[in-house]
Amino acid sequence: MFSKFFYTLKDKGLDVSLSEWLTLQDALDQGLCNSSLTEFYYVARMILVKSETEFDKFDMAFDEVFKGIQSENEVSKNMMRWLDKPDMQEVFEEIRHEMNQEVIQVDKEDVENTFKERLRDQNEEHNGGSHWIGTMGKTSFGNLGGNMGGIRVGGTTGYQSAFQVVGARKYRDFRNDKVLDNRQFQMALRKLRQFSSKLDIPETELDINGTVDATCSNGGCLQIVMEKPRKNAVKLLLLMDSGGTMIPYTTLLNELFHSVYKSNHYKDVKTYFFHNCIYSNLYKTPECENGDWIETEWMFRNLDSDYKVIIVGDAAMAPEELYSASGNYRGPNGGLSGMEWLQLMKRHYKRIVWLNPKMAPGHAPWREAETAIKGMFPMFKLTVDGLNQAMIKLMVNR
Amino acid sequence: MSGQNNNFSSTSDYVASEQLLASVNVAIALQKPLLVKGEPGTGKTMLAQAVANSLGKKLIIWNIKSTTKAQDGLYMYDTIQRLYDGQFGEEGVNDIARYIKLGKLGEAFDSEEQVILLIDEIDKADLEFPNDLLWELDQMEFYIHETKRTVKAKQRPIVIITSNAEKELPDAFLRRCIFHYIDFPDQTLMEEIVRTHYPDVEDKLLKDAMEAFYWIRSMKDIRKKPSTSELIDWINALQIGGIPTDKLRSELPFIGVVVKKDEDLETVKNRREF
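Top to bottom, those sequences are chains E and A.
In the numbering used here, each residue's number is its place in the first sequence (first place is 1) plus 94.
In the numbering used here, each residue's number is its place in the second sequence (first place is 1) plus 7.
Excised from the complex, chain E in its bound form (with noise of 0.2 Å):
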């Protein structure tokens, strides 16, 4: 009788199995929930939610289905339909020069409610006016909007400069198929493993052909020989670009940092920052902070070229942060420029990858930090997928 609220739940993105149903109809027949809505509430969570974090995606299909309250801020389809022009993008570009030149201050709450209430009014599509939510538009929302402060609807961040992005594409994916599941990751890590038992630890496992052995020598008598178990040699070396185009992407750095440490298979994990590009000094915490940093020959000196090294950045740098002996301006460069810095890499350690959170699909000439850096290392996108194929990359020749 509730299989309405079952699929509201699964509209919200709550991955309720049958199974979990079904043992909430047993609890339902059971009696447990006395005939209140208040202890339906809580035992329908404590059986179809196994995470504090989609709590809320629960109370908003709860909401919805016993309250019949609609919750607002919801931007229908059909409004992502008129909105969604990804091939105006270069018409658009001129356009969006011109407008601006001035930059106009807004205020956050103004623009969220005058928003709300074009959501109720809007019933046709706009492009290009200054009133309704459509695309082109002076409007402080809508997508491909030139107004450098306001609310997006829909498409791509293009520009990073709306302050709230409602309904991006790319938050709904993050809800609904997980794609980018620390768990995902962790099982991604595993692929690099190398087995060895030369290895500094104690001599745990039974040494089957040695204790025959022992044992014939000794006259029958049983000697047991026990020997080391075989673990992974992996040594991992991660360089992470933190601050500044990084920002956006924090949530899944975490992830993958602590994915990372997690796993911990390998036999040596050592983690640096850098900003923008590796110039002579990495630093030793994601703050970037003068001083607390190690210098990048220290690490050439004492991390021996065994280790496996992912580099994860954006690589959106200007030319002269890549190409100019003075270009880092957070720090010292070290008489080298950003791209002999990462030669001097190159050459030292066997194996490479760069995974990037924002690469650009296929050839993207107009990045051009980017595709110097996709010459000289394989680049891969940071999703689920770019692990698993970077990892494989790691662990075969070159």
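By construction, these hints were calculated from the structure, which means they are not laboratory data.
All figures in this text were calculated on a predicted structure; none of them were measured in a lab.
Check before you lean on any hint, since a few could be wrong.
From the structure, some residues in chain A lie toward chain E, with a derived Cβ separation under 8 Å [unchecked claim]: (1) S30; (2) K39; (3) K44; (4) Y188.
Don't be surprised by glycine CBs; every beta carbon is placed ideally from N, CA and C.
We have chain E; now place chain A onto it with these hints.
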């Protein structure tokens, strides 16, 4: 299952919220493991003890470490002991069962009476660990190959599992559990919790200590938020130390009991009121 007397309620030394009580009772009624998550120090482990006390049942604790394998919980076959015994012709070497030692899960299944089984900090173990226990927790039985014996739960144990959320648990495992997230207690519940530990605590001391405690917790830049158990220790220390309560907020005596990290100590000391 004897439904009517299996009803958990707060005990004299453990105060549980209404929702937690409901979760425990639903889990018992539906015969599903109860998965408890929450900040460290919110009494996840103590819950099992309290349930055991309240229902008057024996508690079996299986502490999970990073090296624990699912097999460890079922049984161990001490082959080496048997080999050595065989060398010297010890009595009963033929009887493999002598060398089979049941693990904690096996012990819980084999018990004549219904027991509470606590699987503590399941997220510490390897990624695959929870999946390896699916069958055993579902069917409440396992098979010992060496002796061809099936160990089946005589009385289905009440299973409580705790997790600190260090690792994501597999979906297949989660689907079989009843889930409860222990919220950090609010001031009223916290007062009740402290009073169950120290019934004759001075009102003024308790009020000031709790104020200071929630004030520290509210700091955004604190690395490790103090938990319930730290507040309880602190109040104990304050009682023993006999500190005049008017100095509590300005001097924060024994604050090391509450705040454990050096950086956090600095932060707290810099902000206290004089």
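Checklist entry - Any of the earlier hints contradicted here, and which numbers? => result The structure conflicts with no hint, since it agrees with every one listed earlier.
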